[in-house]
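First to last, the sequence lines map onto chains A and B.
For what it's worth, full-length UniProt numbering labels the leading residue of the first sequence as 1, then goes sequentially.
For what it's worth, full-length UniProt numbering labels the leading residue of the second sequence as 1, then goes sequentially.
These are calculated hints, taken from the structure and not from any lab test.
Note that beta-carbon positions come from the ideal geometry of N, C-alpha and C, so glycine has one too.
Check before you lean on any hint, since a few could be wrong.
To be verified - Straight-line distance between alpha carbons at most 27 Å, and here's what the computed DSS-like set of lysine-lysine pairs gives: (1) B/K175 to A/K274; (2) A/K274 to B/K144; (3) A/K270 to B/K144; (4) B/K100 to B/K131; (5) B/K277 to A/K270; (6) B/K36 to A/K444; (7) B/K161 to A/K58; (8) B/K175 to A/K58; (9) A/K172 to B/K28; (10) B/K172 to B/K207; (11) B/K62 to A/K4; (12) B/K126 to A/K270; (13) B/K62 to B/K85.
Unchecked claim - Listed next, the stretches of chain B that the computed footprint assigns to chain A, with coverage defined by at least 3 CB atoms under 8 Å from CB atoms of chain A: (14) 123-134; (15) 157-165; (16) 300-310; (17) 322-329.
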Amino acid sequence: MNQKNIDNIIELSNELRWQIGDDFHDNLTEGIYADAADIVKDTVQVDHSKKRFRLDSKIDKIVTSKTFGFPIMFLILGTVLWLTIVGANYPSSLLANLLLDNIHPLLKSGAASIGMPWWLDGFLIDGVYLAVAWVIAVMLPPMAIFFPMFTLLEDFGYLPRVAFNLDSLFKKSGAHGKQALTMSMGFGCNAAGVVATRIIDSPRERLIAIITNNFSLCNGRWPTQILIATIFIGAVVPSSISSFVSLLAVIGIAVLGMAFMFTVSWALSKTVLKGEVSTFNLELPPYRPPRFWKTIYTSLIDRTLIVLWRAIVFAAPAGAVIWLISNIYIGNESIASWAISSMDGFGFLLGLNGVILLAYIVAIPANEIVIPTILMLTVMVTGISGGEGAGVMFELDSMNATGDVLRAGGWTLLTAINLMLFSLLHNPCSTTIYTIYKETKSAKWTIFASIMPVILGFVVTFLVAQFWRLFI
Amino acid sequence: MNNYNPISALIIFFVIVALLFVFFRPIKGWFWILRKNFKNNEKTIIEDILKQLYHFENSGNKVDMKTLVQVLDYKNTRIVEAINKMTINDLIYFESDILKLSETGREYALRIVRVHRLWERYLADKTGFHKTEWHDRAEMMEHKLNHDETNTLAAHLGNPKFDPHGDPIPTKTGKVAQVNGVELPLLQVNTIGRITHIEDEPEVIYKQILAENIHIGSLIRVIENNNTRITFQSEGEEFKLAPIVAANLTVSPIEKEVVIEDNIARLSSLDEEETAKIIGISKESRGESRRRLLDLGFVKGAKISIDLMNPLGEPHAYLIKGTSIALRKDQAAKILIKKD
Numbered sequence: 001m002n003q004k005n006i007d008n009i010i011e012l013s014n015e016l017r018w019q020i021g022d023d024f025h026d027n028l029t030e031g032i033y034a035d036a037a038d039i040v041k042d043t044v045q046v047d048h049s050k051k052r053f054r055l056d057s058k059i060d061k062i063v064t065s066k067t068f069g070f071p072i073m074f075l076i077l078g079t080v081l082w083l084t085i086v087g088a089n090y091p092s093s094l095l096a097n098l099l100l101d102n103i104h105p106l107l108k109s110g111a112a113s114i115g116m117p118w119w120l121d122g123f124l125i126d127g128v129y130l131a132v133a134w135v136i137a138v139m140l141p142p143m144a145i146f147f148p149m150f151t152l153l154e155d156f157g158y159l160p161r162v163a164f165n166l167d168s169l170f171k172k173s174g175a176h177g178k179q180a181l182t183m184s185m186g187f188g189c190n191a192a193g194v195v196a197t198r199i200i201d202s203p204r205e206r207l208i209a210i211i212t213n214n215f216s217l218c219n220g221r222w223p224t225q226i227l228i229a230t231i232f233i234g235a236v237v238p239s240s241i242s243s244f245v246s247l248l249a250v251i252g253i254a255v256l257g258m259a260f261m262f263t264v265s266w267a268l269s270k271t272v273l274k275g276e277v278s279t280f281n282l283e284l285p286p287y288r289p290p291r292f293w294k295t296i297y298t299s300l301i302d303r304t305l306i307v308l309w310r311a312i313v314f315a316a317p318a319g320a321v322i323w324l325i326s327n328i329y330i331g332n333e334s335i336a337s338w339a340i341s342s343m344d345g346f347g348f349l350l351g352l353n354g355v356i357l358l359a360y361i362v363a364i365p366a367n368e369i370v371i372p373t374i375l376m377l378t379v380m381v382t383g384i385s386g387g388e389g390a391g392v393m394f395e396l397d398s399m400n401a402t403g404d405v406l407r408a409g410g411w412t413l414l415t416a417i418n419l420m421l422f423s424l425l426h427n428p429c430s431t432t433i434y435t436i437y438k439e440t441k442s443a444k445w446t447i448f449a450s451i452m453p454v455i456l457g458f459v460v461t462f463l464v465a466q467f468w469r470l471f472i
Numbered sequence: 001m002n003n004y005n006p007i008s009a010l011i012i013f014f015v016i017v018a019l020l021f022v023f024f025r026p027i028k029g030w031f032w033i034l035r036k037n038f039k040n041n042e043k044t045i046i047e048d049i050l051k052q053l054y055h056f057e058n059s060g061n062k063v064d065m066k067t068l069v070q071v072l073d074y075k076n077t078r079i080v081e082a083i084n085k086m087t088i089n090d091l092i093y094f095e096s097d098i099l100k101l102s103e104t105g106r107e108y109a110l111r112i113v114r115v116h117r118l119w120e121r122y123l124a125d126k127t128g129f130h131k132t133e134w135h136d137r138a139e140m141m142e143h144k145l146n147h148d149e150t151n152t153l154a155a156h157l158g159n160p161k162f163d164p165h166g167d168p169i170p171t172k173t174g175k176v177a178q179v180n181g182v183e184l185p186l187l188q189v190n191t192i193g194r195i196t197h198i199e200d201e202p203e204v205i206y207k208q209i210l211a212e213n214i215h216i217g218s219l220i221r222v223i224e225n226n227n228t229r230i231t232f233q234s235e236g237e238e239f240k241l242a243p244i245v246a247a248n249l250t251v252s253p254i255e256k257e258v259v260i261e262d263n264i265a266r267l268s269s270l271d272e273e274e275t276a277k278i279i280g281i282s283k284e285s286r287g288e289s290r291r292r293l294l295d296l297g298f299v300k301g302a303k304i305s306i307d308l309m310n311p312l313g314e315p316h317a318y319l320i321k322g323t324s325i326a327l328r329k330d331q332a333a334k335i336l337i338k339k340d
């Protein structure tokens, strides 16, 4: 066949296609379904007595009812979060005790006995090892509790009902009901939340869910919020209600995060994302008893360990950087104190300080090491006694002692509130950034998702700081 | 910070925010206006003139310079310049006062119209832009695509016959499909017909039509037709329009006495405990959304009923082919059913 014939055929097919018109795909699909229905009629026998379990629709009626739907939902999700935060405390302190208080000194003395030079020992053990150990101790237990519980709910079939109940709220901000699930997942870990957006099959809504997932306060940030709220906010009210008020403050921050999530979703869907394709459908699968052990196994392997591994990969160099900037000197000053004094002005404008900003820069790999880094840097720049030495992160056993160090660093109630706000509104951790890139395959959206929350954080803390200084 | 005080910091901040707003706010921001003016070169003006002439001639109207200057949003001097150039290049000629398209001019105009309508089709099928934005975006795009790009686009879309408003898309060779039908106000009471075209200009009227949820491709029956309003029934709902709005709808009357299913309704009107059969999906459901619905089994003849009502009003879950699928109200409004 020569080229001319081929061209003729293509021309003819185009002509025919034009004449057939637009109903082509519709008719084809209808035909396929009609054929399939015929085949089913001839070959498949249906037991009509068991048509759709009655139990299923009974459960559905309750969990989506006007009266019980929302209370049940809040109860279940609240329980999961509470179990995660409270339940993780014990294994976390156990791990911290083991990795930080026992193995770390052991490694140090081991290094000393083989005559390792101080800089290598500091770089590897105080820098890299300590950061990795910290991340494991803080991150592993909550994830190992949260993910299996969440996966069990998912497997049982309850989560699609949550998306169903909440969809019209999310529709108002241009998002998909399933974003409720990825958002809840973000409370465990933003990187896992971003991966979970795969369940949203509409491109626009999925991007919205990915970009706004960072507004869910993740496991790495809950401890920071609780610590700072207890030390500073709990201290300004009578001690009888202090724990209640500080709890309220933390919940307030989490709710504020949701408000930001809705607002930013709305703004995104109306501006930069309005051209992306948007579809909606939500399948409500039948309930089934979760396969308990399999679920636990897969959620531990697929979610927990993968996320943990990525966090470790990123935390190791961060530990090295933290140690290096505190131990390399330019002139008379270490890089860290030089950076802190150059950022102090900007930090003051935001109601924060240079130490906090530097801590957030070096702690991009993991939010978990923000507080230890802040403590170490504060001790370093103020020159007060305490701490473990330059570049060695530490945490104090008592909250009072932590509060004393921070107050010595010039912290006020404003600093504490703005730190809580900034902890909510800053760039995602590098694990999440990397995950966003893997999921979107787009440098543009990755950069956008990383920068936008920081800018929001700057604006919000700046405004709070100015109004605070004006009126209080 | 020597001279810091919160008020001056706040003032500086708000000045910066205000400046950013003035520059970058959507559409009216200075940045966008400047960019647009920068891009309005002669080619754009010439092509816009050609297109206007084409539309005027097609509707049998005559155009002189005065009308043209009124319709187009450019400086008069630039329009005159462009017209001069176009007469020299034989795209147009004057018959006394009246401007006319030459044969080459007509071909050129047809090519612009082709790009415009193809692009609207592309926006409808392959992107998530809202209907109200299609026209303006296509207006910008029609000056950008060259001949080859246009043909690639057409092939990519499967050489569609009509744009999403029901206007025919000229083919590569300049062939234009026929739009059947007359303007809605010209129809007698009790006529049955199908909406074949919804005009998207002027925007004010188009937005009214969209707000009414009138769908292209719907069967309608005229109930009332007088000077003040036109009422018609379609898909189980009643619509009342002012004649000036109704004139933007083209309806093709159905001559032969086809059996009109009187109880055709939209899926959104289905109540709990009711069952229905699907008649089809409206033409308003396009692209990826339409494909998804078809793939999920929302095809002609399928049985459907409500599985779960939503506590917040939407989306409801529908039971179709043994599966429970939740759809939002605006999607359900585009699925046509016949209640049992």
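Tested hints:
1. A hinted pair counts as satisfied when its Cα atoms are at most 27 Å apart, and B/K175 with A/K274 does not qualify at roughly 34 Å.
2. Between A/K274 and B/K144 the CA atoms are separated by roughly 21 Å; this keeps the pair inside 27 Å, and the hint holds.
3. Our distance criterion of 27 Å between C-alpha atoms is met by A/K270 and B/K144, whose separation comes to about 25 Å.
4. For the proposed pair B/K100 and B/K131, the alpha carbon gap of about 32 Å is over 27 Å, so the pair is violated.
5. A C-alpha spacing of about 36 Å is found between B/K277 and A/K270, which places the hinted pair above 27 Å, so the restraint is violated.
6. For a cut-off of 27 Å, the pair hint linking B/K36 to A/K444 stands: about 24 Å separates their Cα positions.
7. As the CA atoms of B/K161 and A/K58 are separated by approximately 49 Å, the hinted pair breaks the 27 Å bound.
8. The hinted pair formed by B/K175 and A/K58 fails the criterion: a straight-line CA distance of about 59 Å is larger than 27 Å.
9. Note on A/K172 and B/K28: the hinted pairing holds, with a Cα-Cα distance of about 25 Å set against a maximum of 27 Å.
10. Pair hint B/K172 plus B/K207 does not hold up; C-alpha atoms about 31 Å apart against a cutoff of 27 Å.
11. Only pairs whose Cα atoms come within 27 Å are accepted, and B/K62 paired with A/K4 is rejected, the gap being roughly 44 Å.
12. This hinted pair checks out: B/K126 and A/K270 have alpha carbons roughly 18 Å apart, not beyond 27 Å.
13. In summary, the hint linking B/K62 to B/K85 is supported, as the alpha carbons are separated by about 21 Å, within the 27 Å threshold.
14. Remark: the segment 123-134 of chain B is confirmed as covered by chain A, as 6 of its residues place a Cβ nearer than 8 Å to a Cβ of that chain, reaching the required three.
15. Taking a C-beta to C-beta cut-off of 8 Å, the segment 157-165 of chain B contributes 5 residues in contact with chain A, enough for the three needed, and the coverage statement holds.
16. Remark: the segment 300-310 of chain B is confirmed as covered by chain A, as 7 of its residues place a Cβ nearer than 8 Å to a Cβ of that chain, reaching the required three.
17. Counting residues of the segment 322-329 of chain B whose beta-carbon sits less than 8 Å from any beta-carbon of chain A gives 7, enough to reach three: the coverage restraint holds.
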